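Chemist: Using the sequences and the hints given, assemble the complete structure.
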Amino acid sequence: MANNDDPSDDVTVLAADQSLLRKLGNINLDKVLSPEAIEKAEAVITDASDGLYVDCLKEADKLESVVDQFKSRALDVEHHLKKIISSSFSIKAKAGQSGYDLVSLLAKSLHVRCEEMLAEQVTPSALKIIAWHAQSIKQLLVLNVKGDGGKVGEAILAEIEKLKFAA
Amino acid sequence: MPPHSLHAFNILIVDDELLIRNLVRGVLTSLGFTNVTEANSGRKALEQIASNKFDFIITDWRMDDLDGIDIVHHIRKSQTPPLCNTPIIMLTGNTEASYVKTAISAGINGYLIKPFSAEQLVKRIRAVIEAPRDFIISKNFTGPDRRHINQPPPEGMDRRKKRKKK
Chain A
1 MANNDDPSDD VTVLAADQSL LRKLGNINLD KVLSPEAIEK AEAVITDASD GLYVDCLKEA
61 DKLESVVDQF KSRALDVEHH LKKIISSSFS IKAKAGQSGY DLVSLLAKSL HVRCEEMLAE
121 QVTPSALKII AWHAQSIKQL LVLNVKGDGG KVGEAILAEI EKLKFAA
Chain B
1001 MPPHSLHAFN ILIVDDELLI RNLVRGVLTS LGFTNVTEAN SGRKALEQIA SNKFDFIITD
1061 WRMDDLDGID IVHHIRKSQT PPLCNTPIIM LTGNTEASYV KTAISAGING YLIKPFSAEQ
1121 LVKRIRAVIE APRDFIISKN FTGPDRRHIN QPPPEGMDRR KKRKKK
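Chains A and B, in that order, give the protein sequences. Take the first sequence: its position 165, counted from the start at 1, is 165 in the working numbering, and no numbers get skipped. Just remember that the working numbering sits 1000 ahead of the position in the second sequence, which is counted from 1.
Rather than coming from a laboratory, the hints here were simulated on the basis of the structure. Quick caveat, the model's predicted, so the values are computed rather than measured. It cannot be assumed that every hint is accurate.
As the list claims (entries may be wrong) - Result set (BS3-like, lysine-lysine): computed pairs, CA atoms no more than 30 Å apart in a straight line:
1) A/Lys-40 x A/Lys-58
2) B/Lys-1044 x A/Lys-83
3) A/Lys-146 x B/Lys-1044
4) A/Lys-83 x B/Lys-1101
5) B/Lys-1053 x A/Lys-62
6) B/Lys-1053 x A/Lys-82
7) A/Lys-108 x B/Lys-1139
8) A/Lys-108 x A/Lys-128
9) B/Lys-1044 x A/Lys-108
10) A/Lys-40 x B/Lys-1053
11) A/Lys-162 x A/Lys-138
12) B/Lys-1077 x B/Lys-1044
13) B/Lys-1101 x B/Lys-1139
14) B/Lys-1139 x A/Lys-62
15) A/Lys-71 x A/Lys-138
16) A/Lys-108 x A/Lys-83
17) A/Lys-23 x B/Lys-1053
18) A/Lys-40 x A/Lys-146
19) B/Lys-1123 x A/Lys-108
20) B/Lys-1101 x B/Lys-1044
21) B/Lys-1123 x A/Lys-40
22) A/Lys-128 x A/Lys-138
23) A/Lys-58 x A/Lys-83
24) A/Lys-108 x A/Lys-58
25) A/Lys-83 x B/Lys-1123
26) B/Lys-1123 x A/Lys-23
27) A/Lys-31 x B/Lys-1123
28) A/Lys-162 x A/Lys-83
29) A/Lys-82 x B/Lys-1044
30) A/Lys-151 x A/Lys-128
31) A/Lys-58 x B/Lys-1044
Modeler: Here it is, written out as structure tokens:
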């Protein structure tokens, strides 16, 4: 982070802008944004989960398709990896938002590893690991496995721990 | 609609995912923040910002053209209020500490990780409205004062010099 102690650095400090507080006027946010109001807002998120789930399924199909292309034509590595990263990142957020925690975790594992692989060579075993992630994500969504997936989830998490990309 | 004036707050949501924009809008509307504008890309966001004054902005990070950090940089580098000190909340799936540091260094006001809860969003919004921070403009950093937690310096270090406030 920048060091504001550099004497040659000309620093201007603007006093905190109170305009939003003034806009609030007499509104008491403790009353307006009460626990009940927040609970209603949480229900909006819960109600949206079906739509997010359907979207995740579509994204998982896309992901599978990209991974298949990657396996058969692994020429444009960066292009395919970026598509996988984009897809898995999207699944991570939407799956997490709709209660598919294990799917979200898998998607995160996939995009993080693919990001690391942008700087490395993609080996056949690394490709298998990518495919395993994509297939697992799809299966869990198709089987509607919410939350941490119970025993299945434990087994998958153990598998993620064991997986190492070959150098 | 709830009987109060949160609709006076003009909010911009930026996310390339329609479902996420709908979700954030739905949560905001439920709370009473009904004056919400959407942008589905970084470029569209900058167009909106050029022609409208927003009270705060909630933006995604990863987008195809300009991303959330580009938006933050654009706003902060103007270095002229009221645009430059528009509060910005980053709503993102980037969870690693390095990303959080990058966003703070860019000059965000709040960081919220997806999946988010209404409670977490409310907390960030209330901080922006009720606890505004001094705003720093310098060669190396433009943004809300990152030293907003009132703690003494680590043992063995002196407190930094005070700067004149404008």
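Chemist: For every hint, state whether the structure bears it out.
Modeler: So, going through the hints one by one against the coordinates:
| no. | hint | in the structure |
| --- | --- | --- |
| 1 | A/Lys-40 x A/Lys-58 | 29 Å, holds |
| 2 | B/Lys-1044 x A/Lys-83 | 23 Å, holds |
| 3 | A/Lys-146 x B/Lys-1044 | 35 Å, violated |
| 4 | A/Lys-83 x B/Lys-1101 | 26 Å, holds |
| 5 | B/Lys-1053 x A/Lys-62 | 38 Å, violated |
| 6 | B/Lys-1053 x A/Lys-82 | 35 Å, violated |
| 7 | A/Lys-108 x B/Lys-1139 | 36 Å, violated |
| 8 | A/Lys-108 x A/Lys-128 | 17 Å, holds |
| 9 | B/Lys-1044 x A/Lys-108 | 28 Å, holds |
| 10 | A/Lys-40 x B/Lys-1053 | 29 Å, holds |
| 11 | A/Lys-162 x A/Lys-138 | 21 Å, holds |
| 12 | B/Lys-1077 x B/Lys-1044 | 18 Å, holds |
| 13 | B/Lys-1101 x B/Lys-1139 | 18 Å, holds |
| 14 | B/Lys-1139 x A/Lys-62 | 44 Å, violated |
| 15 | A/Lys-71 x A/Lys-138 | 17 Å, holds |
| 16 | A/Lys-108 x A/Lys-83 | 14 Å, holds |
| 17 | A/Lys-23 x B/Lys-1053 | 14 Å, holds |
| 18 | A/Lys-40 x A/Lys-146 | 22 Å, holds |
| 19 | B/Lys-1123 x A/Lys-108 | 26 Å, holds |
| 20 | B/Lys-1101 x B/Lys-1044 | 26 Å, holds |
| 21 | B/Lys-1123 x A/Lys-40 | 16 Å, holds |
| 22 | A/Lys-128 x A/Lys-138 | 15 Å, holds |
| 23 | A/Lys-58 x A/Lys-83 | 14 Å, holds |
| 24 | A/Lys-108 x A/Lys-58 | 17 Å, holds |
| 25 | A/Lys-83 x B/Lys-1123 | 34 Å, violated |
| 26 | B/Lys-1123 x A/Lys-23 | 18 Å, holds |
| 27 | A/Lys-31 x B/Lys-1123 | 14 Å, holds |
| 28 | A/Lys-162 x A/Lys-83 | 25 Å, holds |
| 29 | A/Lys-82 x B/Lys-1044 | 23 Å, holds |
| 30 | A/Lys-151 x A/Lys-128 | 23 Å, holds |
| 31 | A/Lys-58 x B/Lys-1044 | 26 Å, holds |
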